[in-house]
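J.: Residues per chain are reported as follows:
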Amino acid sequence: MLPVHLAEVPGSVALPWVRQQGPFQKIVPWPAPGSVAGLLPRRVDKEDVMTCLIKGCNFVLKNIPHEAFVYQKDADPEFRFQTNHPNIFPYLLVNIGSGVSIVKVETEDRFEWIGGSSIGGGTFWGLGALLTKTKKFDELLHLASKGQHTNVDMLVQDIYGGAHQTLGLSGNLIASSFGKSATADKEFSKEDMAKSLLHMISNDIGQLACLYARLHCLDRVYFGGFFIRGHPVTMRTITYSINFFSKGEVQALFLRHEGYLGAIGAFLKGAEQDNPNQYSWGENYAGSSGLMSSSPELCPTQRARSGTFDLLEMDRLERPLVSLPLLLDPPSYVPDTVDLTDDALARKYWLTCFEEALDGVVKRAVASQPGSVDAAERAEKFRQKYWNKLQTLRHQPFAYGTLTVRSLLDTREHCLNEFNFPDPYSKVKQKDNGVALKCFQRVVHSLDALGWEERQLALVKGLLAGNVFDWGAKAVSEVLESDPQFGFEEAKKKLQERPWLVDSYSRWLQRLKGPPHKCALIFADNSGVDVILGVFPFVRELLSRGTEVILACNSGPALNDVTHSEALLVAERVAAMDAVVRSALREERLLLVQTGSSSPCLDLSRLDKGLAVLVRERGADLVVIEGMGRAVHTNYHAALRCESLKLAVLKNSWLAERLGGRLFSVIFKYEVPAE
Amino acid sequence: MFIPFSPVDENLYLLFPNKTELLLALTSLSFLFLLRLPLLKSFFPWFGLDIGGTLVKLVYFEPKDITTEEEEEEVESLKSIRKYLTSNVAYGSTGIRDVHLELKDLTLCGRKGNLHFIRFPTHDMPAFIQMGRDKNFSSLHTVFCATGGGAYKFEQDFLTIGDLQLCKLDELDCLIKGILYIDSVGFNGRSQCYYFENPADSEKCQKLPFDLKNPYPLLLVNIGSGVSILAVYSKDNYKRVTGTSLGGGTFFGLCCLLTGCTTFEEALEMASRGDSTKVDKLVRDIYGGDYERFGLPGWAVASSFGNMMSKEKREAVSKEDLARATLITITNNIGSIARMCALNENINQVVFVGNFLRINTIAMRLLAYALDYWSKGQLKALFSEHELSGNAPALAASYFLIPQETVRVILEPLEHSLSY
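In the order they appear, the protein sequences are chains A and B. Take 1 as the starting number for the first sequence in my numbering and just add one per residue. Take 1001 as the starting number for the second sequence in my numbering and just add one per residue.
Read the hints as simulated data drawn from the structure, not as lab findings. Hints may contain errors.
As the list claims (entries may be wrong) - Pairs of lysine-lysine residues, derived as DSS-like cross-links and limited to a Cα-Cα distance of at most 30 Å, are as follows: (1) K1311(B) / K133(A); (2) K1168(B) / K1064(B); (3) K1278(B) / K190(A); (4) K186(A) / K133(A); (5) K1278(B) / K1376(B); (6) K136(A) / K1319(B).
Claimed, not checked - Take a look, some chain A residues computed to stay more than 12 Å from chain B by CB distance: (7) L155; (8) V322; (9) A376; (10) D448; (11) W452; (12) E489; (13) S504; (14) L568.
Stated by the list, open to error - Computed far set for chain A versus chain B, every beta-carbon distance over 10 Å: (15) D74; (16) D138; (17) D153; (18) K180; (19) S181; (20) M200; (21) H231; (22) P330; (23) R383; (24) K427; (25) V435; (26) S446; (27) L495; (28) R498; (29) Q510; (30) E617.
This structure is a prediction, so every number in the text was calculated from the model and none was measured. Yeah, the Cβ is synthetic: ideal placement off N, Cα and C, and Gly gets one too.
Next comes chain A alone, as it looks inside the complex (with noise of 0.2 Å):
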């Protein structure tokens, strides 16, 4: 993995630099971002600037889960984050800069300037500072915050008094920007002339855009640039321009990382010389800082004085990540089940959860490194910065996208990563797999003696058992740290008795009576019981029925979740014991693949290409997922064009309350698509 991270010299320069894992850093300096007036002054290759920020906005669409917002003033939230469309073309680019370039992309390599403006961010900046005597673009900004631009601005109703009503116009609309600067003998405020002058330049460059919208059939507009930073007074009145200009046909979206789009595609250009399809990329909630506040009492300034803000850091990984090919309709695709952006009620539960469990998994990670002088002390440090984040979250819920337990989830591990805690739970996850092998046998013979409809119980019984074996559920480690011996057949009985809490095991069942499956996708959970008592022999009787088992693990390590690597030896391990597996991995009729994650939750939208590519030449008919991460924290609705069994515990009290259950009810759920 290789960190990018972006980072904001005072001055508005972007100056993106590649972070070596090692002892030296390397500063590489690109050209500046912005539009075809760049805000550095210094000559730059003329055919870089516009290439840059296109690879940029490119990359950021389809790599940043979140990247592309609506914006909306009054409603709650007012960040409506777009997920990734798999097909991003076309689309428009207009990029405020000093000036406005407006950008048409229809491929990953064709794009055309269809035209500019000379009204931009140099204007607002240079005349704001002719009209006010401020010197700073973020201060002209907030006296901007703090203006009435009715007072400077000539209205409707000012030219046409109360009558507007009566003709249907609205009385709000500027007729004349500065119009009153030119018939009233008085002075006027800096923060009502630094509001106008931000109206006039925001409807005008919304005017613009819809009109080359229009011309150009295209209906997403994207806003890059840095006039906009994440100012709220700014996206409104470009959204309130766009929406008045279009009637609403035209979208205007915002991206988090407006400023740095030529950065990044400098950068990529650099760093990715040969191809840059190969590689995939996701975002370091850790290294990165989020979208700025919109909270009126947070001065620019003060944002100004931080010299930490606007940090994005990337990591690469090695593997390109596609859709899963059996979702339904992959655009309409969203992988998490509660957006807490929007459910205060669940954000504030979340937000409470996370914050006690950190105390555990500070300890976890201590623990993690017996031998190491300094672990006490990154945990400590690991332990303030995913409490800063925590706290940054409660406040600005939309910092870093639509926030989902998914995205605090991997929070937390991208913070533990980037102080050395790559893998906290790898002792715990040896030494369950192990204790878990050793019962294997056993499990499996008393398994084989059962007749064959409770078999099937059981080996569904067994795959929800050892989904309670999770140490990222608060309730589950708190039991398993003092109860080590915490067994598998104690887990059954902690199981709800049928009927579950959805259950639609009794059609599964008679599924099962039917023809087998031609080809099972299976993404499995934790570590240990889970994986070893609970899915194997899950794998192992659909093997004997003749289908074929993929079985996806993570890439990189996500609590005690089983990684690919993991489960190569864990099937090592089992194959000696099993003759049925072994022979499945010998005729590569059971093939264990990794899912390119490294997330105790899944999105199917974001899959290693490698398995993707098996899926479809293996022809997929079933797939299973377990775990609350996977199942119900993400994936609870995602609708697939085959059969799919969504399995988990719910190990948490107030999930299960809110889903109608108690702790450890359970959920199975058997879908098949309609015909």
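Since the structure of chain A is provided, determine the placement of chain B on it from the hints.
T.: Only chain B this time, still in chain A's reference frame:
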């Protein structure tokens, strides 16, 4: 302040209407219902008023074919108004008659006469109404045709303070009729419409007449305080395409703030002496020359006022430079929006009108050049001798009011109430 009429006979009420239709009309509204509409033609004075956001444009038709009989019967107040308006070029401190625009020997509704163009700032409107009251203007019993937003805004004031009933006409209707009308009558024997040849070259730039014989479709860009853009497909078929708030009011308003100037003329005069390239950041300032890949010439403005981000450069510019840059910024933007509208509407003649263009050759030449350059010669910028619009609606209001059903709208309720 603008004081157009003085002195006015204070005793109009005492004058009883005599036999002539004209004076019947003038004496008392209560008699109007007896008249057939065509007779209304002869009411005098004939005024048209366009009350915009910044300027009021007034047209006045001065009949030159007054018979001796009419002359004798003409009320004193009318006579004095006529004399006052036609013998002065400035009224009060802010009212101005644009003598150069006067249309001579025009035939209007069967009468021969001259058409005068007068303007004064909208903020003097209350004083104008007050004057109308002081001078008992309502006793003239003429109908005031008015258009523009102010026709609505000041309607109540006209009625309650001045005892004057406004006949409001739709602004866009007036604008289009005004343009077409004025083009049809020509400009004292010359063509009303013109364009620029070689607009970018001060030496070779030439203003040439344009025969608007095939006017449709045309894009009409009316630059007043703000800007309205209309697509006109025929006399009666037009639509408002869009508008922008960056118009003449913005230019003047920003100039007032940036340079301390107080009149539009002053702002333009400063602009004519300034250098906008000191204020604006040009493509060549960034790229050292043309930005070839996107066909951007080095002289194009990349960022209006972009140089003003730098403190040193802010200190090095003059007020004239700032005025010039403001003019160039607003004009370029209007040109750009007009060009996009023309493309979207598939129209290639663009007529620019409005008071912003009055004595504003810089803006007109820039519009002509920008439209030609960016459209690669596909679009033609046209202008009209009457700066187009500003006066055109007023003109149209005046011209179209009298024989039209708008008058009937005013009179019918009266007729009903009196027929009992």
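J.: Please go over all the hints and tell whether each is borne out by the structure.
T.: Here's how the hints hold up against the structure:
1. K1311(B) / K133(A): Judged against 30 Å, a Cα distance of about 10 Å means the pair holds.
2. K1168(B) / K1064(B): holds (27 Å)
3. K1278(B) / K190(A): holds (24 Å)
4. K186(A) / K133(A): Status holds; Cα separation ~18 Å.
5. K1278(B) / K1376(B): holds (27 Å)
6. K136(A) / K1319(B): Distance ~22 Å between K136(A) and K1319(B) Cα, so the pair holds.
7. L155: violated (9 Å)
8. V322: holds (33 Å)
9. A376: holds (50 Å)
10. D448: Non-interface label stands for D448(A): nearest chain B Cβ at 71 Å, farther than 12 Å.
11. W452: The claim holds: W452(A) sits with its nearest Cβ about 70 Å from chain B, beyond 12 Å.
12. E489: The assertion about E489(A) holds, with a minimum of 71 Å to chain B.
13. S504: holds (55 Å)
14. L568: holds (51 Å)
15. D74: Since the minimum Cβ distance to chain B is about 23 Å, D74(A) lies beyond 10 Å and the statement holds.
16. D138: holds (13 Å)
17. D153: Answer for D153(A): violated, closest chain B Cβ roughly 7 Å.
18. K180: Since the minimum Cβ distance to chain B is about 7 Å, K180(A) lies within 10 Å and the statement is violated.
19. S181: violated (4 Å)
20. M200: It is violated; M200(A) is separated from chain B by about 6 Å at its closest Cβ, not greater than 10 Å.
21. H231: At about 17 Å from chain B, H231(A) clears the 10 Å cut-off, so the statement holds.
22. P330: holds (34 Å)
23. R383: holds (43 Å)
24. K427: At about 57 Å from chain B, K427(A) clears the 10 Å cut-off, so the statement holds.
25. V435: Answer for V435(A): holds, closest chain B Cβ roughly 65 Å.
26. S446: holds (73 Å)
27. L495: The assertion about L495(A) holds, with a minimum of 65 Å to chain B.
28. R498: holds (65 Å)
29. Q510: holds (60 Å)
30. E617: holds (44 Å)
In the structure shown, a violation is registered for the earlier hints numbered 7, 17, 18, 19, 20, in ascending order.
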